[in-house]
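Q: Spelled out, the chains give:
Number of protein chains: 2
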Amino acid sequence: MSANKRNLALLLDRPLEPVFYEKGKNNALFEVPNQLLTDRYKNNADIQVRVQDRLGEESTVRVPVRANIAIPNLSVPMQLDRKAPFSLLIPYHRKLATHLISVFIGLRSVDDLQTVAVYARDRLNPLLFNYALSVALLHRPDTKNVDMPLLFEVFPDKFIDSKVIGRAREEATVVTEDLRQPITIPKDYTASDLEPEHRLWYFREDIGLNIHHWHWHLVFPSDGPDQIVRKDRRGELFYYMHQQIQARYNFERFSNDLPRVQRLNNFRDPIPEAYFPKMDSLVSSRAWPSRSPNMKMSDLNRDLEQLRFDIADLERWDARFVQACHQGFVQDPRGNQIQLDEATGIDILGNLLESSTLSVNRDFYGDLHNMLHVALGLIHDPDSRHLETFATIGDPAVDLRDPVFYRLHAYVDDLFQEHKQRLTPYTTQQLNFQGIQLNSVQVQPNRGAANTFQTFWQQTDIDLSRGLDFVPRGNVFARFTHLQNADFTYNININNSTGAPAMGTVRIFLAPQNDERGTRMFLRDQRLLMCELDKFTVALQPGDNAIRRTSTESSVTVAFERTFRDLDTNRPAAGTQEEQDFIFCGCGWPQHMLIPKGKSGVGLPCDLFVMVSNYQDDRVDQDLVGICNEAPVFCGLRDRLYPDRKAMGYPFDRLPRQGVDQLSQFLTPNMTSVPVSIIHTDSVQAIRKGR
Amino acid sequence: MSANKRNLALLLDRPLEPVFYEKGKNNALFEVPNQLLTDRYKNNADIQVRVQDRLGEESTVRVPVRANIAIPNLSVPMQLDRKAPFSLLIPYHRKLATHLISVFIGLRSVDDLQTVAVYARDRLNPLLFNYALSVALLHRPDTKNVDMPLLFEVFPDKFIDSKVIGRAREEATVVTEDLRQPITIPKDYTASDLEPEHRLWYFREDIGLNIHHWHWHLVFPSDGPDQIVRKDRRGELFYYMHQQIQARYNFERFSNDLPRVQRLNNFRDPIPEAYFPKMDSLVSSRAWPSRSPNMKMSDLNRDLEQLRFDIADLERWDARFVQACHQGFVQDPRGNQIQLDEATGIDILGNLLESSTLSVNRDFYGDLHNMLHVALGLIHDPDSRHLETFATIGDPAVDLRDPVFYRLHAYVDDLFQEHKQRLTPYTTQQLNFQGIQLNSVQVQPNRGAANTFQTFWQQTDIDLSRGLDFVPRGNVFARFTHLQNADFTYNININNSTGAPAMGTVRIFLAPQNDERGTRMFLRDQRLLMCELDKFTVALQPGDNAIRRTSTESSVTVAFERTFRDLDTNRPAAGTQEEQDFIFCGCGWPQHMLIPKGKSGVGLPCDLFVMVSNYQDDRVDQDLVGICNEAPVFCGLRDRLYPDRKAMGYPFDRLPRQGVDQLSQFLTPNMTSVPVSIIHTDSVQAIRKGR
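These protein sequence lines map, in sequence, to chains Y and C.
Per our numbering, the first sequence starts with residue 1, numbered consecutively.
Per our numbering, the second sequence starts with residue 1, numbered consecutively.
No lab work stands behind these hints: they were computed from the structure.
Treat the hints with care, as some may be off.
Pairs involving identical chains hold if they fit within one copy or between any two copies, as the list cannot separate such chains.
Unchecked claim - Computed cross-link-like contacts, DSBU-like style, restricted to lysine-lysine with a CA-CA straight-line distance of at most 30 Å:
1) Lys163 <-> Lys25
2) Lys187 <-> Lys163
3) Lys95 <-> Lys163
4) Lys689 <-> Lys25
5) Lys689 <-> Lys83
6) Lys689 <-> Lys163
7) Lys83 <-> Lys163
8) Lys296 <-> Lys599
9) Lys599 <-> Lys5
10) Lys5 <-> Lys95
11) Lys646 <-> Lys42
12) Lys5 <-> Lys25
13) Lys187 <-> Lys42
14) Lys42 <-> Lys689
Sequences and hints are given; from them, build the entire structure.
A: As structure tokens, then:
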């Protein structure tokens with residue numbers, strides 16, 4: 001019997017416990033041949049038997065493991081210490097991960113993969129192992145519908161207060177499962193209201209948002225075998241996904257009486273923003289380092305991670321990037337000019353700036369975005385004299401938490417705008433959809449007045465038990481507080497006067513009306529705050545078309561249940577199309593963060609913008625059978641082209657045409673905008689229990 | 001049957017586990033009446049039964065607990081959150097501790113103490129509870145020979161790399177006790193050789209030294225009921241114990257080609273020294289905060305710890321202290337002048353500067369030493385906006401680890417010298433011992449040449465299991481590396497020409513010969529580096545007296561076995577005098593740190609100074625029966641007067657008399673000095689196994 005590919009995901013479970021410990025809800029036991037065991041446990045048959053004895057009838061699943069192939073040489077990934085932290089932002093770590101992913105991808109069968117993974121698991125750094133195996137499972141054709149635990153489930157320490165982990169350990173040890181109580185994660189554990197930046201805690205520290213960001217990087221590795229990196233419009237997605245994070249973050253800042261975030265465009269200045277994550281890494285048994293106020297970046301020289309670059313290098317890369325934008329071309333290694341045109345320029349620049357292996361000239365344009373993360377992450381120990389590791393800003397699994405992330409990406413986004421603002425503005429002709437008139441839009445929330453969005457707090461229980469190593473089994477729930485919005489419906493009326501059926505792409509954006517001074521924004525500024533809420537295709541019959549679209553259908557978001565999915569319950573039947581969708585559709589903006597917080601009372605005044613563009617100009621012809629299509633806006637479609645020919649962020653990705661100062665002046669007949677308000681109720685309105 | 005006082009110490013064990021969990025090596029179980037249980041476990045009889053079932057025959061000891069008294073009101077100590085850090089340096093925490101100590105001290109019987117302690121244990125902060133109960137056990141007449149676990153045993157997280165705790169958890173869970181291996185604590189885990197201050201790691205992070213310092217503060221609380229604070233020459237001991245730490249630290253710096261430590265006498269300057277402790281607090285499930293390079297102290301305003309003072313306050317207290325030294329008197333609250341005379345001046349100033357409740361005017365002279373610790377400990381979050389807690393410098397259990405401790409205490413010691421250097425230098429008449437001639441001294445190590453001290457590295461295993469909460473039982477050893485010295489003997493020849501028997505006090509000091517420039521030191525500087533190695537009384541018969549004294553007899557040190565004592569093995573029979581000594585003699589400089597490291601090759605050139613003074617002038621008449629007399633130099637004698645009438649540090653506590661520039665010129669006939677060398681062998685010469 002060949003190995004069941006679903007068992008591979010079990011190897012991600014409880015990453016610090018030995019491979020022969022029970023895994024998953026069913027306490028599955030891998031039967032590990034002696035030669036695959038690590039030296040610490042090899043030739044000690046008793047140790048596996050003890051685990052079986054302890055479990056008794058609680059474990060009925062046995063996973064046979066073969067030892068019939070030569071184990072590939074893993075000395076490269078083994079260079080990383082078992083207890084070291086691991087970050088995709090560090091080139092050396094990426095190199096080790098690329099090596100391991102290639103090994104996993106290259107194995108001929110699920111059987112062989114299982115053998116090598118079992119061998120590798122307790123020998124390699126658990127963070128590196130989990131990342132590489134996850135990427136391999138996501139990208140191997142024969143493991144595509146293996147459902148993987150969320151990063152949160154196996155590394156809860158990357159998402160929650162270390163205090164909660166300590167309390168969960170007590171609860172799991174002392175109290176039987178039936179009597180356990182959820183452990184509440186306090187709302188205000190990283191800072192107090194004295195710190196203005198802390199008003200954004202619910203965004204920066206949102207578990208779903210951090211999972212989204214990590215998941216995106218899992219789906220879009222910047223390094224690795226070419227077949228996993230080279231994805232359609234990957235560089236543009238890097239730009240757009242992060243641009244939208246910035247737009248939303250600034251939107252949240254306005255919701256909290258804070259000005260837009262300042263770009264980190266001077267690498268020599270002290271950085272006033274501090275961050276104290278108050279989380280431990282269970283792998284390294286070390287706390288995530290903090291950053292005190294007013295620290296300055298320095299030249300990096302750390303042998304441990306093979307990092308050596310100067311602040312001046314970052315400045316050189318900045319200068320070259322901006323020069324490319326201003327000249328309208330980039331230079332390849334042989335000195336050839338590659339034009340930055342309207343269609344592919346942003347994609348080239350995205351891969352260049354991140355950078356990914358798709359960069360047209362990594363030696364020349366460097367690694368600006370990644371190295372900025374790294375320089376910030378190691379600001380407290382640039383030459384490793386204190387044997388410190390990187391702070392959260394240095395790891396894409398946790399970097400959203402730090403206020404400086406948004407200063408860094410405000411700068412990064414501004415660099416991309418150096419290109420975007422040089423493109424010819426869209427003409428009314430380009431923007432219009434001849435014969436199609438968008439007459440009105442109205443938002444109807446399932447509670448509250450029309451043309452309001454309603455937000456409030458919700459509490460949700462999530463199970464920590466898959467990530468608590470060396471603790472008795474059974475669920476232990478953490479209860480966390482997060483933003484939520486009342487479901488709502490868009491009612492859109494479109495008139496088709498072409499006399500024939502037509503197809504349109506509806507594009508919905510939301511932006512604040514006023515800036516931090518309370519003044520109505522010019523569109524050239526407001527466009528950068530335009531948050532894409534939805535995009536979908538409609539059939540337009542001749543005459544009036546009343547279109548209803550609910551918020552939960554958004555192609556930007558994944559459903560709340562998917563963000564915090566429980567892989568074992570409510571799961572569609574094995575092998576069905578529904579099951580496949582269930583698994584693949586993990587990537588996407590979390591539904592509970594669709595609408596920014598807004599304000600209490602009359603709320604935060606916003607402009608809701610809706611456009612219907614001509615689908616004939618937008619469509620991408622490809623076979624979409626069996627493809628998860630839940631949240632393509634930020635995540636694309638697996639193994640397919642990006643399903644919209646327009647530039648991401650269209651029509652707001654470029655400056656408005658001459659003479660258009662306000663959104664109202666921008667509108668062509670196929671567009672409309674309506675003033676709406678986001679009204680926040682500052683109390684917990686719902687609890688979503690863990691069982 | 002009344003309660004056994006020895007069981008009280010079990011309440012200090014595994015501080016995070018519930019009180020009804022097994023305690024001590026014998027898995028003793030407290031039988032806790034329902035009304036004493038916390039709400040989480042009350043009315044759930046099953047939960048205690050489950051513990052009994054799990055242990056089965058492994059637990060034969062039951063400790064009955066009565067619930068026959070009214071529980072005193074503990075709302076004051078309960079103000080401190082269970083998971084909060086706790087520090088004796090914070091006045092608010094001292095207030096809570098004082099309250100709880102008073103409760104424990106005031107209870108009428110061991111029975112009542114047990115009941116209240118069982119009730120309090122799971123309700124109060126474990127750090128506060130353990131401190132207050134330890135002080136109570138040390139000071140109650142009816143619990144005086146209760147042997148307490150070392151702080152290291154119950155809070156190993158305060159002494160070792162958090163990584164080791166993580167590995168110990170795995171070892172204890174996966175591996176049966178017979179197969180467990182000691183977990184080695186790396187020598188270089190807090191910094192690398194790039195950081196010059198890291199050369200002193202073996203001193204700052206020595207487990208024995210940190211235990212000594214903590215133990216000293218346990219024996220000499222600065223606040224509490226008057227009967228436990230008011231100890232003979234307490235303030236002078238505060239001065240002298242810390243002065244000797246400074247002398248030794250500078251000695252170690254010379255051993256490592258580093259200059260003497262710079263005083264922290266400007267509170268506005270950035271502090272170049274950084275410290276990254278890499279330890280977790282298991283109580284708060286938070287890492288000990290770190291201090292990045294070049295941070296500056298700020299005014300403190302933190303409601304959480306009720307701390308509010310300005311840097312300017314520290315400067316005012318400094319000014320008043322120095323003014324007192326220069327004027328020769330301090331001022332009490334009614335404006336009366338209290339003279340700072342030769343006998344008691346330093347004692348008054350010690351209590352004033354620390355400060356303790358014995359301060360003659362705490363309102364006026366403030367709390368300089370404590371608040372400097374606190375301002376440094378909270379340098380990263382002075383207004384609590386980041387909800388951060390104090391770094392190691394803010395807690396006397398862990399403050400020796402941080403390089404800034406020595407800068408702070410160089411400053412503190414310098415303040416005391418403002419008084420000391422104004423005292424009239426000792427005259428030759430005062431120094432001499434008429435008719436007694438000290439002819440020679442020679443040091444003979446048990447390996448190596450005469451007049452050398454030999455130092456090397458040793459590894460010792462210590463059991464972590466008493467402090468690993470929620471982990472399967474059985475020993476888990478950590479192996480740490482520490483300095484050690486070869487035992488040696490002093491051979492001292494003294495001629496008594498008085499014609500009658502005499503009694504003398506032999507005083508032995510060691511200091512480096514040269515300063516950081518390699519220049520022979522003036523005595524006015526060298527005296528501050530004089531490390532007291534021993535002090536003892538001798539009977540001098542008329543004629544020549546050959547005196548042999550071994551290093552392990554030193555009245556400065558406690559034996560290695562006591563520093564790392566195992567309370568359950570090799571213990572003298574219960575109730576014997578030996579047993580009482582065994583328990584009481586915990587306080588003292590650790591034997592393995594008696595001799596500074598020195599240098600390899602020809603070693604570090606030093607002056608060994610020996611003096612014999614007239615015991616008739618030194619002696620203190622008191623009953624010493626049953627008193628532990630092992631290490632009185634730093635610790636005094638319990639419930640007795642300090643056993644030497646001379647000023648601590650005599651004869652080097654004052655400036656040398658006019659005309660004396662060098663040590664050789666200082667010598668009267670009852671003194672001698674001999675050039676010696678400390679030779680260090682840079683390898684592990686011995687391993688002391690844990691079992």
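Q: Hints first: check each against the structure and report whether it holds.
A: Evaluated hints:
1. For the identical chains of this complex, Lys163 and Lys25 are neighbours both inside a copy (25 Å) and across copies (29 Å), given an alpha-carbon limit of 30 Å.
2. Proximity of Lys187 and Lys163 under a CA criterion of 30 Å is satisfied in both settings, with 13 Å inside one chain copy and 29 Å between copies.
3. In this homomeric assembly, Lys95 and Lys163 come within 30 Å of each other (Cα to Cα) only across copies, at 26 Å, whereas the closest approach inside a single copy is 34 Å.
4. Taking the shortest alpha-carbon separations for Lys689 and Lys25, only the intra-copy value of 19 Å comes in at or below 30 Å, while the best inter-copy value is 41 Å.
5. Proximity of Lys689 to Lys83 under the C-alpha cut-off of 30 Å is restricted to the inter-copy arrangement: shortest distance 26 Å between copies versus 34 Å within a copy.
6. In this assembly of identical chains, Lys689 and Lys163 lie within 30 Å of each other by CA distance solely inside one copy; the values are 21 Å within and 35 Å between copies.
7. For the homomeric pair Lys83 and Lys163, the shortest alpha-carbon distances inside one copy (21 Å) and between copies (8 Å) are both at most 30 Å.
8. For the identical chains of this complex, Lys296 and Lys599 are neighbours neither inside a copy (35 Å) nor across copies (38 Å), given an alpha-carbon limit of 30 Å.
9. Proximity of Lys599 to Lys5 under the C-alpha cut-off of 30 Å is found in neither arrangement, the shortest distances being 48 Å within a copy and 61 Å between copies.
10. For a Cα distance limit of 30 Å, the shortest separation of Lys5 from Lys95 inside one copy, 26 Å, qualifies, whereas the shortest one across copies, 61 Å, does not.
11. In this homomeric assembly, Lys646 and Lys42 never come within 30 Å of each other (Cα to Cα): the closest approach is 58 Å inside a single copy and 64 Å across copies.
12. Taking the closest pair of Cα atoms, Lys5 and Lys25 come within 30 Å of each other only inside a single copy of the chain (17 Å); across copies the shortest separation is 47 Å, beyond that limit.
13. In this assembly of identical chains, Lys187 and Lys42 lie within 30 Å of each other by CA distance solely across copies; the values are 28 Å between and 46 Å within a copy.
14. Proximity of Lys42 and Lys689 under a CA criterion of 30 Å is satisfied inter-copy only: 25 Å between copies versus 43 Å inside one chain copy.
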